[in-house]
Amino acid sequence: QDNLFDDEEAEPIPGDSHSVRQLFLHEQLRPCNDEPFWMEFLDNGVRNELINNRVLNGEKGLWVVIVKPGYEEHSVFRIYKHLANSRFSPQFQVHSVFGLASSPGRIFFEADSRDTVHDICQGLPNVFPSKIFAISVDPSSILNVPNTYRPMLGSWVRLRKGVFKGDIAVVTKTSPSLLIDVKVVPWVVYEP
Numbered sequence: 001q002d003n004l005f006d007d008e009e010a011e012p013i014p015g016d017s018h019s020v021r022q023l024f025l026h027e028q029l030r031p032c033n034d035e036p037f038w039m040e041f042l043d044n045g046v047r048n049e050l051i052n053n054r055v056l057n058g059e060k061g062l063w064v065v066i067v068k069p070g071y072e073e074h075s076v077f078r079i080y081k082h083l084a085n086s087r088f089s090p091q092f093q094v095h096s097v098f099g100l101a102s103s104p105g106r107i108f109f110e111a112d113s114r115d116t117v118h119d120i121c122q123g124l125p126n127v128f129p130s131k132i133f134a135i136s137v138d139p140s141s142i143l144n145v146p147n148t149y150r151p152m153l154g155s156w157v158r159l160r161k162g163v164f165k166g167d168i169a170v171v172t173k174t175s176p177s178l179l180i181d182v183k184v185v186p187w188v189v190y191e192p
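Note that UniProt numbering has the sequence shown beginning at 1, numbered continuously upward.
Incorrect hints may appear among the rest.
To be verified - Derived DSSO-like pairs (lysine-lysine); straight-line CA-CA distance at most 30 Å:
id: 1; residue 1: Lys161; residue 2: Lys183
id: 2; residue 1: Lys68; residue 2: Lys81
id: 3; residue 1: Lys131; residue 2: Lys68
id: 4; residue 1: Lys173; residue 2: Lys183
id: 5; residue 1: Lys68; residue 2: Lys161
id: 6; residue 1: Lys81; residue 2: Lys131
id: 7; residue 1: Lys173; residue 2: Lys161
id: 8; residue 1: Lys183; residue 2: Lys165
Said to hold, decoys possible - Now the in silico label distances, taken between C-beta atoms and shown as ranges:
id: 9; residue 1: Arg158; residue 2: Arg114; range: 32 to 40 Å
id: 10; residue 1: Tyr80; residue 2: Arg114; range: 49 to 57 Å
id: 11; residue 1: Asp181; residue 2: Ser96; range: 21 to 29 Å
id: 12; residue 1: Pro151; residue 2: Lys81; range: 19 to 27 Å
Please keep in mind that the hints were generated in silico from the structure rather than gathered at the bench. Think of the CB as a built atom: it goes at the ideal place given N, C-alpha and C, for glycine as much as any other residue.
Work the whole structure out from these sequences, hints included.
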């Protein structure tokens, strides 16, 4: 019976985390020949040990790559699929690749060099390998999501929409539903 969809070509829907997870699960549960699987598993273990030794020597870095917004999970999935391929050169292995919902349009690599990240991203759709930046701050701070701003009684705000766009106002009343009452400070036109 002819199938309309080839399982080998299945790809997740961009922005849909459920389809990404389902495809990962499908990849993991696919039957395979045990001998090549275990040989590749051992080779990956040796490669990971070499990477971990380099990491212990302080040779790793955190890199950010710009991707098309909405394609973060899809891009990470394609990169992991690319790295899991046994035909891919073992010298281009990375410690981790991840994307954050709080950082749209960016994926993060924990890798040895910029060239490694560039070579991995080369040719992937919706990934811009020319826009790779090193992150010099503490890598754990990237995982911290900042608190959203909640105006408090008596605080000053700048209005962004409407007739008073750009004007400053003071908060006079707040509510749990994030609706606030403000008093707008009028513009004073001074002409001598």
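* **Satisfaction of hint between Lys183 and Lys173, Cα-Cα up to 30 Å** => Roughly 10 Å between the alpha carbons, so the hint for Lys173 and Lys183 holds.
* Take the C-alpha atoms of Lys68 and Lys161, compute the straight-line distance between them, and say whether it is at most 30 Å. => holds (28 Å)
* Could you say whether the range 21 to 29 Å given as a hint is met by the Cβ separation of Asp181 and Ser96? => 47 Å Cβ-Cβ, so the 21 to 29 Å window is violated.
* Asked: Taking only the CA atoms, is the gap from Lys183 to Lys165 under or equal to 30 Å?
  -> Within the cut-off at roughly 13 Å; holds.
* **Hinted pair Lys173 and Lys161, Cα distance within 30 Å** => Between Lys173 and Lys161 the Cα gap is close to 19 Å, so the pair holds against 30 Å.
* To do: For the pair supplied as a hint, Lys161 and Lys183, confirm whether the alpha-carbon distance does not exceed 30 Å.
  => holds (15 Å)
* Distance restraint between Lys68 and Lys81, which requires alpha-carbon spacing of 30 Å or less -> holds (19 Å)
* Take a quick look at whether Lys81 and Lys131 sit within 30 Å of each other, Cα to Cα. => Holds. Lys81 to Lys131 sits at ~22 Å (cutoff 30 Å).
* Asked: For the pair Pro151 and Lys81, does the Cβ-Cβ distance stay inside 19 to 27 Å?
  -> violated (45 Å)
* **Pair hint Lys131 and Lys68, alpha-carbon separation not exceeding 30 Å** => Judged against 30 Å, a Cα distance of about 12 Å means the pair holds.
* Asked: Is it true that Tyr80 and Arg114 lie within 49 to 57 Å of each other by Cβ?
  -> violated (20 Å)
* When you take the CB atoms of Arg158 and Arg114, is the distance between them in 32 to 40 Å? -> holds (39 Å)
The structure is inconsistent with the numbered hints 10, 11, 12, although it conforms to all the rest.
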